Amino acid sequence: MTSLPLVIELTILVLAAFLGFEVISKVPTMLHTPLMSGANFIHGIVIVGAIIVLGNAEDTFTQIVGFVAMVLATANVVGGWFVTDRMLGMFKRRPEPKKDESP
Amino acid sequence: MISDPDVVGLLYLVTITCFVIALKFLSSPKHARKGNWVGGAGMLVAIGTTLLLEGIGNWPLIVIGGLIGAVVGVVGARNVRMTAMPQMVAIFNGVGGGAAALVALAEWHTETGPAWDSTTSIVLSALIGSISFAGSIIAFAKLQELLSGRPIVFPGQNVVNILVLLAATGLGIAAIAGVHEQWVLWALVALALLFGVMFVLPIGGADMPVVISLLNAFTGIAASATGFVLDSTVLIVSGMLVGAAGTLLTLLMAKAMNRSIANVLFGAFGQVQTGAGAARADDGRTVRATTADDVAVQLSFARKVIVVPGYGMAVAQAQHDVRQLADILEGRGVDVRYAIHPVAGRMPGHMNVLLAEANVPYTQLSEMDEINPEFAQTDVALVIGANDVTNPAARSDPGSPIYGMPILDVDKAASIIVLKRSMNPGFAGIDNELYLDPKTTMLFGDAKESILKLISAVKST
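As you go down the protein sequences, you meet chains E and U in turn.
Just so you know, numbering that gives the first Met the number 0 puts 7 at position 8 of the first sequence, and the rest follows in order with no gaps.
Just so you know, numbering that gives the first Met the number 0 puts 329 at position 330 of the second sequence, and the rest follows in order with no gaps.
Just so you know, the hints here were simulated from the structure itself, not pulled from any lab data.
It cannot be assumed that every hint is accurate.
Claimed, not checked - Under the rule of at most 20 angstroms between Cα atoms (straight-line distance), these lysine to aspartate or glutamate pairs were calculated in the EDC-like manner:
{"id": "1", "chain 1": "U", "residue 1": "Lys458", "chain 2": "U", "residue 2": "Asp334"}
{"id": "2", "chain 1": "U", "residue 1": "Lys23", "chain 2": "E", "residue 2": "Asp84"}
{"id": "3", "chain 1": "U", "residue 1": "Lys254", "chain 2": "E", "residue 2": "Glu21"}
{"id": "4", "chain 1": "E", "residue 1": "Lys91", "chain 2": "U", "residue 2": "Asp334"}
Computed from a prediction, not measured in an experiment: that's the story for all the values here.
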């Protein structure tokens with residue numbers, strides 16, 4: 000990994016915070032639950048950390064810790080994505096079966 | 000094998016871009032799902048890049064860990080019921096926070112004499128990740144009703160909590176100052192876990208939307224701190240995006256309940272309120288009960304009906320039947336709309352998902368500000384399992400605990416029908432004056448059964 004100066008990293012952090020606020024304030028109330036589960040999915044990015052730790056682990060302790068982190072992070076990524084997809088699939092303009100049901 | 004740091008950085012930039020696009024697409028339900036796919040692609044790029052980094056080994060462990068996590072994730076996501084979505088989100092917050100804390104622990108173990116800035120990130124990642132992990136487990140237990148949804152309080156609670164947090168912070172400062180002993184971070188994690196448990200315990204079920212949003216923010220910030228530990232921009236940015244999302248939702252939820260975040264966290268709201276509200280029932284006005292047949296006639300001859308769904312409807316699993324009732328009424332030319340309060344349900348936007356699951360088109364769902372002026376032209380407001388969000392005391396009674404909370408102006412409708420299990424007060428433990436309004440009639444019983452009765456009564460009208 001490249002090591003960036005701390006000040007640069009902090010600058011990135013602050014800009015990301017403003018970007019996040021800007022983008023997320025445009026999300027309608029209706030989609031706040033998918034937003035939360037989508038955000039859930041995105042913080043699953045700690046999987047990158049888990050892979051780096053586990054992939055470089057040399058002693059048993061680090062391997063165990065890294066392994067548990069790997070399991071948790073993958074569950075986070077996969078579960079977060081699927082549940083968001085499932086939810087967003089439910090939002091429809093007009094339900095298709097409606098006309099068939101009411102004669 | 001990717002060894003050029005610039006290539007690695009560029010690939011991670013692709014991921015960041017995908018995540019931002021995914022969030023941007025969430026601005027409309029039309030293309031939100033596509034956005035999630037873009038986000039998914041971004042995540043795959045990040046995972047692939049990381050796996051190809053130089054020096055990555057322990058492949059069997061990575062593959063097995065990944066498979067276990069993936070299976071757990073898919074099974075959980077497929078089977079969760081939409082009413083249980085808050086629990087699901089709480090659990091994912093928890094595992095994300097836990098993973099961040101574990102990465103910090105591993106780094107603390109591996110690095111010999113890290114610099115102060117690296118130690119600071121390790122401390123923050125471990126601290127916030129652990130709080131989020133433990134807090135989310137308690138939030139999950141409360142939402143799943145493994146623990147009482149009522150606040151669990153004891154004398155001196157806030158003082159104990161602050162002492163625990165101070166002790167954890169003290170250990171963190173010691174670590175940053177150069178005490179590089181393994182036990183320091185372990186003790187810090189233990190204290191942070193304890194704090195996570197203690198700070199969620201006293202928070203009542205009605206305040207869960209705020210807590211879940213806050214824990215979401217915590218996990219994002221913990222992931223971001225992990226990014227500083229590993230010098231990874233993709234973690235820093237993605238974590239902070241989530242941190243911003245969580246913070247924004249926390250503020251919105253608190254505003255929708257007209258309470259400060261401090262009051263939610265330390266106020267132990269939801270304890271049984273006694274006094275003013277209860278006494279008022281004696282002023283001569285009484286609650287009027289009605290029958291399904293009467294309600295059916297009212298609904299059938301209405302021009303405009305606004306349905307006000309609350310958590311009670313979701314608990315009774317009545318949303319599908321409500322939609323069926325609405326369809327029949329619409330078939331007879333009645334204009335049917337749904338009014339959604341921002342804190343209806345147990346997490347932000349929960350009610351919209353429940354109704355979407357029942358195939359209610361999202362064009363029929365209206366937010367509070369949009370629908371409130373329409374109540375005055377509405378013939379019937381049908382309140383199903385909602386309570387505090389319809390209580391006019393929030394507008395008129397400065398002594399009420401919910402005074403100042405924005406509510407749905409249900410009482411402006413020509414007539415109000417309330418479907419309710421019994422006269423028990425809502426989650427906030429406050430009597431609702433709406434029920435004593437001369438325009439209000441009550442249909443007692445389980446929401447699902449009542450709706451089914453209404454459907455058959457409307458059909459025969």
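**OP:** Report the numbers of all earlier hints that the structure fails to satisfy, in ascending order.
**Re:** Of the numbered hints given earlier, the structure breaks none, since each of them holds.
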